[in-house]
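Take 30 as the starting number for the sequence shown in the numbering used here and just add one per residue.
Don't take every hint at face value.
Said to hold, decoys possible - The following label-pair restraints were derived from C-beta to C-beta distances:
hint	residue 1	residue 2	range
1	Gly-131	Asn-240	20 to 26 Å
2	Gly-131	Arg-251	35 to 41 Å
3	Ala-253	Arg-332	33 to 39 Å
4	Ser-210	Thr-340	17 to 23 Å
5	Asn-240	Asn-96	35 to 41 Å
6	Asp-328	Gln-98	48 to 54 Å
7	Arg-321	Thr-194	53 to 59 Å
8	Ala-329	Glu-203	39 to 45 Å
9	Arg-332	Asp-94	47 to 53 Å
10	Met-249	Arg-321	39 to 45 Å
If you're looking for bench data, these hints aren't it; they were derived computationally from the structure. Glycine residues also receive a C-beta, built at the ideal position from the N, C-alpha and C atoms.
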Amino acid sequence: MLKKMKKNLLVALALTAVMPVAAQDLIANQAPIDRKLRAVDSIQLNQLLENEATAASPAAQLYNDWNNQYVGRQTTLPDSFLIDLRDFAMPTPSRQITSNFGARWGRQHKGLDIKLNTGDTIVAAFSGKVRIVRYEAKGYGKYVVIRHPNGLETIYGHMSKHLVTENQEVRAGEPIGLGGSTGRSTGSHLHFETRLCGTALNPALMFDFYNQDVVGDSYMFRKATYNKESLVATRLRGVGGTGGTDNTNYAQLAQEQPAQVVTNTRTLASNNQSTTSYHKVKRGETLYGIARQHGTTVDALCRLNRITLRTVLKPGQILKYN
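Generate the whole structure from the sequences, applying the supplied hints.
Written out as structure tokens, the structure is:
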């Protein structure tokens with residue numbers, strides 16, 4: 030083997046020796062050109078890969094601005110948009126929702142509050158890139174905003190500690206912070222938001238914390254039916270809900286009148302012929318008073334709503350009573 034290598038080397042040296050000087054100069058001059066061509070090819074390849082990645086990311090179609098430091102700066106919201114929910118992770122293993130999305134205390138609550146303990150690990154709901162890592166004393170406290178290729182931005186508020194930095198790439202299920210009660214908070218919990226083009230969407234439309242799952246492989250956002258879908262999602266997967274999916278005909282809902290506000294004893298219609306009735310808790314009401322009002326028992330209320338006699342009722346909380 031060694032003899033063969035020596036022989037090849039001698040042949041190469043001999044050819045070089047007899048090669049005309051002009052030919053040797055041509056090879057020498059060609060080398061920088063070859064390097065430049067390889068550099069051009071590399072740039073073109075990288076550009077092609079970048080273009081393909083952009084085309085595969087719906088988020089690239091929705092947002093033009095990455096560097097703004099605002100959570101809810103709104104861009105044009107599409108009439109409809111399919112949000113891919115595959116390859117997800119539940120932000121926390123906690124199943125207990127303590128506050129719903131929607132009107133609360135005279136203002137709009139733009140996410141879900143999920144009970145957890147200070148120091149509990151919070152993870153990214155989807156893979157994406159961290160856009161904001163900040164502290165807001167009168168609001169979110171320590172919070173993180175992540176933009177995802179499926180078009181969503183997720184917000185995680187009231188953390189006790191950040192575990193990521195801005196512009197960091199994260200995978201679904203990767204730790205991003207620890208639970209806490211920083212900012213405008215009355216107890217340790219995760220404030221979790223899902224936003225599309227800066228507009229807050231009800232996370233219960235996509236996430237079922239009670240069952241620790243998403244509602245499906247995707248969610249089709251539609252402006253025309255969103256508000257009614259949100260009410261149904263809160264009934265199923267909000268405070269007191271038992272999780273699961275619904276069979277609401279949203280195409281039909283789009284042709285109907287705008288949704289009415291649920292009053293104290295009004296049955297919440299979900300267009301799926303459900304016979305379940307609901308009670309919206311008023312300030313000062315008790316389980317005993319609610320049970321007597323609807324001709325049922327405290328034990329039945331507890332069983333239907335998966336609560337106990339020690340559960341503290343909150344104004345606006347929705348309870349099943351049959």
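Measuring from beta carbon to beta carbon, are Met-249 and Arg-321 in 39 to 45 Å? Between Met-249 and Arg-321, where Cβ atoms are some 43 Å apart, the hint holds.
Distance restraint hint 20 to 26 Å, applied to the beta-carbon atoms of Gly-131 and Asn-240: Hint holds: Cβ distance 21 Å, inside 20 to 26 Å.
With 33 to 39 Å as the target window, see if Ala-253 and Arg-332 comply at their CB atoms. 37 Å, holds
Using the Cβ atoms, figure out if Asp-328 sits within 48 to 54 Å of Gln-98. 51 Å, holds
Satisfaction of the hinted span 35 to 41 Å by the C-beta atoms belonging to Gly-131 and Arg-251: 18 Å, violated
Confirm or reject the claim that Arg-332 and Asp-94 have a C-beta distance inside 47 to 53 Å. 50 Å, holds
Between Ala-329 and Glu-203, does the C-beta distance stay in 39 to 45 Å? 43 Å, holds
Should the hint that Ser-210 and Thr-340 are 17 to 23 Å apart at their CB atoms be regarded as holding? 21 Å, holds
Can you tell me whether the CB distance of Asn-240 to Asn-96 sits inside 35 to 41 Å? 37 Å, holds
Verify the CB-CB distance for Arg-321 and Thr-194 against the hinted window 53 to 59 Å. 55 Å, holds
When the structure is compared with the earlier hints, a violation turns up for hint 2 alone.
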